[in-house]
Amino acid sequence: MDSHTAQVWIAALSTLAVFSFLYRENPVYRWAEHTFVAMAVAHGVVMTWDNWIKPTITKDILKDGKYYLLTAVVVGLFFYARYFKGGAWLTRCAIAMTVGYWGGYMLGYSPAVLVGQLTGSFYKLSLAPSGINNTITFLTLVCTLTYFLFTIRQEKNPVVAIPANIGRWAMMVAFGTAFGNTIMARMSLFLGRLQFLLGDWLHAIK
Amino acid sequence: MGALKKQLPLVLVFVTALIPILGRYVAVGPFPSLLTGTAKWFQTASNFAWLLGAINLSIVYVSQVRKKRTNWMFSLYALVVMWGYSALGIIQTNQGVAYRWLFNAFYNPMVATMYSILAFYIVSAAFRSFRVRTVEATVLMGCAVLAMLGRVPVGKIIWSQIPDISQWFLNVPNTGAMRGILLGVYLGGYATMIRIIMGLERAYLGER
Amino acid sequence: MSIWRSLENIDRRWIYLLLAVVMVVPLIKPLGLPIDVVPETRTVFETMDRLPPGSAVMVSFDFDPSAIPELLPMGRAAIIHAFKKNYRLVLFGNWTQGPMLAQDLAEPIAKKMGKEYGKDWVNLGYKPGGSVTIRRMVDDLWDGAANVDIKGNSLASLPIMSKIRKLTDIAVVFSCTVGGSGMQFWLEYLGQPNGVPITGGAVSVMVPGYMPYVNSGQFKGILMGLRGAAEYEMLVGAPDKAVAGMDAQSASHLLVIVLIILGNVGYWVQRRAKAAQP
Numbered sequence: 001m002d003s004h005t006a007q008v009w010i011a012a013l014s015t016l017a018v019f020s021f022l023y024r025e026n027p028v029y030r031w032a033e034h035t036f037v038a039m040a041v042a043h044g045v046v047m048t049w050d051n052w053i054k055p056t057i058t059k060d061i062l063k064d065g066k067y068y069l070l071t072a073v074v075v076g077l078f079f080y081a082r083y084f085k086g087g088a089w090l091t092r093c094a095i096a097m098t099v100g101y102w103g104g105y106m107l108g109y110s111p112a113v114l115v116g117q118l119t120g121s122f123y124k125l126s127l128a129p130s131g132i133n134n135t136i137t138f139l140t141l142v143c144t145l146t147y148f149l150f151t152i153r154q155e156k157n158p159v160v161a162i163p164a165n166i167g168r169w170a171m172m173v174a175f176g177t178a179f180g181n182t183i184m185a186r187m188s189l190f191l192g193r194l195q196f197l198l199g200d201w202l203h204a205i206k
Numbered sequence: 001m002g003a004l005k006k007q008l009p010l011v012l013v014f015v016t017a018l019i020p021i022l023g024r025y026v027a028v029g030p031f032p033s034l035l036t037g038t039a040k041w042f043q044t045a046s047n048f049a050w051l052l053g054a055i056n057l058s059i060v061y062v063s064q065v066r067k068k069r070t071n072w073m074f075s076l077y078a079l080v081v082m083w084g085y086s087a088l089g090i091i092q093t094n095q096g097v098a099y100r101w102l103f104n105a106f107y108n109p110m111v112a113t114m115y116s117i118l119a120f121y122i123v124s125a126a127f128r129s130f131r132v133r134t135v136e137a138t139v140l141m142g143c144a145v146l147a148m149l150g151r152v153p154v155g156k157i158i159w160s161q162i163p164d165i166s167q168w169f170l171n172v173p174n175t176g177a178m179r180g181i182l183l184g185v186y187l188g189g190y191a192t193m194i195r196i197i198m199g200l201e202r203a204y205l206g207e208r
Numbered sequence: 001m002s003i004w005r006s007l008e009n010i011d012r013r014w015i016y017l018l019l020a021v022v023m024v025v026p027l028i029k030p031l032g033l034p035i036d037v038v039p040e041t042r043t044v045f046e047t048m049d050r051l052p053p054g055s056a057v058m059v060s061f062d063f064d065p066s067a068i069p070e071l072l073p074m075g076r077a078a079i080i081h082a083f084k085k086n087y088r089l090v091l092f093g094n095w096t097q098g099p100m101l102a103q104d105l106a107e108p109i110a111k112k113m114g115k116e117y118g119k120d121w122v123n124l125g126y127k128p129g130g131s132v133t134i135r136r137m138v139d140d141l142w143d144g145a146a147n148v149d150i151k152g153n154s155l156a157s158l159p160i161m162s163k164i165r166k167l168t169d170i171a172v173v174f175s176c177t178v179g180g181s182g183m184q185f186w187l188e189y190l191g192q193p194n195g196v197p198i199t200g201g202a203v204s205v206m207v208p209g210y211m212p213y214v215n216s217g218q219f220k221g222i223l224m225g226l227r228g229a230a231e232y233e234m235l236v237g238a239p240d241k242a243v244a245g246m247d248a249q250s251a252s253h254l255l256v257i258v259l260i261i262l263g264n265v266g267y268w269v270q271r272r273a274k275a276a277q278p
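Going line by line, the protein sequences match chains A, B and C.
Here the numbering used here is used: the first residue of the first sequence is 1, the next is one more, and so on.
Here the numbering used here is used: the first residue of the second sequence is 1, the next is one more, and so on.
Here the numbering used here is used: the first residue of the third sequence is 1, the next is one more, and so on.
Take these hints with a grain of salt, some might be off.
Straight-line Cα separation of at most 30 Å, BS3-like style, residue types lysine-lysine; simulated pairs [claimed, not checked]: (1) Lys151(C) / Lys54(A); (2) Lys85(A) / Lys67(B); (3) Lys66(A) / Lys163(C); (4) Lys85(C) / Lys206(A).
Keep in mind that the hints were calculated from the coordinates and are not lab data.
Produce the complete structure using the sequences and hints provided.
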């Protein structure tokens, strides 16, 4: 048995080990579950080390002399301070800096996309055949937003109640479409495993 | 000292959030270069947290082994696999022959299969729980069925118009409704972030 | 009445077995039902197709093995498309596992199509840091990517990278998306601020939520799950697993619909019977 065949066989048995859970909880599944979790974490460690930590230390800091990055390394090490008595506040400082900076990025860049969504809503609105769908989309948007208008009591105000009701129906359509697509996504996942088992392993399909 | 430890994270979150916000919106003075100049530093600082997951998981597993909890042998096994596979990857690099072989033999099929189990659950749930009790549920089910038929070739064989109708529902009412929800999600996200920056929301620091 | 009650209380494992059988049969005996191409897929194809030869294209594998059935065929077709059009191909991944899958996928394709690593294509690997990393790569791709590819090679040693110094040197980003760090992410931090076209595909479950971006033109089309992958495979002229799986997908959807109908008929029959009882 060559290396590739052995790999396919192990992959097939690993697949069946996970599927065994469908029958009932069992030690083989538990083995697979622990292997999966352990390897997932390990893979994150390895990829970050290879693709970032190692080159940053060897090239940026040691070779190119960007010694200011050592201060970043120290702040990065603060994340581990919580494992030592009295060090939790240092971890909180590191978390605060990360959350602040990444959050600032979000507030800096994301609103432009939101504006694109708003302007896109007004694109080619008309009752002509070329624009009718845009108009319906726009009206559906307005109705959906009206549904979430909680400052006005909907039941007492037909100007709000009618569009809010249409908005509710529109959301049902959206959720139904989402459910149908979810079914497709889930079936695809199983399909992938079947293609592997029947194709790569058993050679029953091309 | 106690007050400093409590207040310092709140000051830090405010100051660090201002760097990208000012860098993005104030196109004059030192702000744009401050944004580009700090990115590498913050990248490096955050990426050095890369062992946190492995350490946290190790703490959990070591505790299971020490207390000889149910299935502690699996915890011991997971510890060996996690650190062994990490060591292998760091020695060999992620493109090492053995590392890639193990990735494709164990990890890859296990993750894929773990998620594929959902297919069975969703079929079972559709049979047992998807009940048409109200008009809203009927609309929801009708659209779901339409989406399911419209996305596969058999839909067109049943009725040639099904794919077009399904696509229309996806492109028009779905887009309008989803956009409405999306706007709420965006605004909610901004509100939460502003609360964090202002020090009003502190759950991320472990406070209630 | 008793039949419906028995059906409702049937052991779930029989349903599981039924699903497996229903999907296995069309895989072994495919019907080859025709697949039409929707405009959203055509837009993706045209966005990728209209670039001049030599353009730099990024295919970002923003997923893990759980999404392989839907997204790997898209990635494969995009790689073949880029090679066929003689683009410079840059592979990337916002998920740790994505670039590994990309490497396994691209190596044999490149070998078959006579493309050389480092000259015609490169895999930048996984670069942690999300939005900040992407923005850093917009200003200075080499520095933002820590100066190395997935294999640890210095980017300076790879000829393909000599003219790719910033993310804005990339003509199109094609993202295969399963979670937050995909098409939407690329749009926020590269597409919207810098005007780089963002295209690609997503798992079916994300498609309804992404339609507003397609409608506004912020995404240049979208490949919708396995069906989208199958359509793109056909347009590129490289049909493979996505096309082969569509019959099984049809069968599984029919089964779900039949089960929903059966479940509801049973529910209403029992409800009527209960109401009729004195």
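(message) Of all the hints numbered above, which does this structure not satisfy? Sort the numbers upward.
(response) none
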